[in-house]
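Asker: What follows is each chain in one-letter form.
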Amino acid sequence: MSNLDAPLLSIKNLKVIFPSEMGVVRAVEGIDLSLRPGECAAIVGESGCGKSVTSQAIMRLLNSPPALMQAEELSFDGHDLLKMEENELCELRGRDICMIFQDALTALNPVMTVGRQMDEIFLRHQKISKKEAKAASINALRLVGVPSPERRYHDYPHQLSGGMRQRVLIAMAFAVKPKLIIADEPTTALDVTIQAQVLDLLKKLQKEHNTALILITHDLSVVAHMADTVHVMYSGKIVEEADLRSLFKNPWHPYTQGLLASVPKLDECATRFVQIPDQVPNPMHKPAGCYFHPRCSYCTEQCREKMPPLVELEGGRKVRCHHPLK
Amino acid sequence: MNNHDKTLVKVENLKVHFPVKGGLPFTKKKFVKAVDGVSIEIHAGETFGLVGESGCGKSTLGNAILGMQKPTEGKIYFKDQDLNALPRKEFKDLRRGMQMIFQDPFSSLNPRFDVYHIIAEPMEIRGGMTDEEIRARVSELLHLVGLSDDDMPRYPSDFSGGQRQRIGIARAIALNPEFLVCDEPVSALDVSVHAQILNLLMDLQKELGITYLFISHNLAVVKDICSHVAVMYLGSMMETGETQKIFKRPMHPYTRSLLSAVLTVDVDNAPQRIILEGDIPSPINTPPGCPFSTRCPYAKEECKKSKPELTELEPGHFVACHFPMMD
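Taken in sequence, the protein lines are chains A and B.
All residue numbers in the first sequence are consecutive under our numbering, ending with 326.
All residue numbers in the second sequence are consecutive under our numbering, ending with 1327.
Don't read these hints as lab results, they were simulated from the structure.
Check each hint, because a few of them may be wrong.
To be verified - Straight-line alpha carbon distances no greater than 30 angstroms define the calculated DSS-like cross-link-like pairs of lysine-lysine that follow:
1. B:1030 <-> A:249
2. B:1305 <-> B:1030
3. A:265 <-> B:1092
4. A:203 <-> A:134
5. A:265 <-> B:1030
6. B:1305 <-> A:265
Said to hold, decoys possible - Reference listing, derived: stretches of chain A covered by chain B, where coverage requires no fewer than 3 residues with Cβ under 8 angstroms from a Cβ of chain B:
7. 117-124
8. 146-158
Note that CB positions come from ideal geometry on N, CA and C, so glycine has one too.
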């Protein structure tokens, strides 16, 4: 890229709906996102808030039907993803945009050795021989810290531990040096100690290769050590958007505040855990007004009636709330 | 709590070994040493935390305490009765007082049963209740866990993860158990729902006086709800004692690394993390000395040769390490 400030990925007003016999599920309701090369943006939210659907929409992985998607703009590195044909997209996926999935055991093919799965990426996207592909795969495994990669190359996924499998997925994602990686809950299935290892590895590789990263998670403590900017999603809409530091220092949306408070802390002594009451609304029957108002402790008459717009306040921070907690 | 000092569950030098299939004939049979000599005592009314990475044997220990797994060696006492020496009939009566909450609320509820049948099943199996009594009890249990009567005819697929876990809890407490094994009850749920389920468990304990064995891999969760904690690694106990003491001054290098691996939301002062190299070794070929010696940053020659015993280094604080960190 000649211009460093030009966004690598630009999304404007992305909407995804799933029509069904029982009603329409509005999974994503107008999302804007822009990402520069080498930047890490986090999308945070509870299950069912539309964060995974967003990532699949970016990769154009949603099957239609049942999904219907619409956007004013969806461009990646000068390509208009909305107008691309399926075969062009196939070229792009895996070479320029890669994805790291949550559950490494289901993301890997169980009847193929790890090595062959990795070779496929190189053979598909680079013009090299099988022998060279094998060397490249072993090297990629070594880079992510898999011990004795020559032996592991011949192992099947079930022979590896959970942390090791996640490392293999990361190795596969970084294999052909993509420009953008989407990591969908990369460490949720892992233990705390392995989670720390994997996150450090992900961050190191991202910085080394200057890859843009979209990190999708429900855990704000994962975000704290990875992201540059944070987008908090609730029920299909972005409710707060800010750089990492200001969001964690003073969250303006009551939902962000609740999410932050619900992370268990080691250094504080609590007799009760802070909880956000109730749960995410059913996507088929979203409440009127602000979607968060039934769970919000600052809710007023205005919140029950009118959905607040996402407004930009000082410092480039955006918040969707009638009464931001400033 | 009035009977806080009474021991409810006692585990003595428990070993659970699983034979490994295959191997050549006439060679020595291999065993997975899932639990290798663990002793714990759980007092009535308390919450006992069991912490460790996956594969350290914490779930196997929980299963063995409930009699779902026969121990290779060692004894388990529930209310001073040796569980594995009891005749089947008496064991069944005693077992009613011990129930379990499972980790994954998506696979632990029968998808073809509605909520009413899921919760009523334990009472139907025990018998001695009329249909009206069971219905009244199911309704009472649903209210206790924060659901309503309207949920009775619905199926598990209609509920979110947190609500399903509530159904699992209602089922577990249906027969008024005295002891509950909670096997990672929140790790399959969103962080925002963790607090709801943990608060519910604490409220139930206050109301019904249930004793918990709380199995988890996250020390931050255990800290606030448990009075005693045991840290396990590769089937052995590394450190155990009163929660406050262990969190104030962890002495085992493994406990320290576990503590440092807990992610925080503090963006300014990220704690100095001790990141362990590699994975937990295979429980088939456990290292001869200290089980942790292969990953321990402070391991010395001695650690590789002899296994350290669990010793009381301060009152109510036991550590199994040759070189405990006393600073």
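Asker: Hints first: check each against the structure and report whether it holds.
Answerer: These are the hints, each one checked on the structure:
1. At roughly 54 angstroms between alpha-carbon atoms, residue 1030 of chain B and residue 249 of chain A are farther apart than 30 angstroms, so this suggested pair is violated.
2. A C-alpha spacing of about 21 angstroms is found between residue 1305 of chain B and residue 1030 of chain B, which places the hinted pair at or below 30 angstroms, so the restraint holds.
3. For the given pair, residue 265 of chain A sits about 40 angstroms from residue 1092 of chain B by alpha-carbon distance, which is inconsistent with the 30 angstroms threshold.
4. Restraint check: the Cα-Cα separation between residue 203 of chain A and residue 134 of chain A comes to about 25 angstroms, which is no more than 30 angstroms; the hinted pair holds.
5. Taking the CA atoms of residue 265 of chain A and residue 1030 of chain B, the gap is about 42 angstroms. The hint is violated against a cut of 30 angstroms.
6. In summary, the hint linking residue 1305 of chain B to residue 265 of chain A is not supported, as the alpha carbons are separated by about 37 angstroms, beyond the 30 angstroms threshold.
7. As drawn, the segment 117-124 of chain A meets chain B at 0 residues by the rule of a beta-carbon pair under 8 angstroms; below three, the given contact is violated.
8. Counting residues of the segment 146-158 of chain A whose C-beta sits closer than 8 angstroms to any C-beta of chain B gives 1, which falls short of three, so the coverage hint is violated.
Violation of the numbered hints given earlier is confined to hints 1, 3, 5, 6, 7 and 8; the remaining hints are satisfied by the structure.
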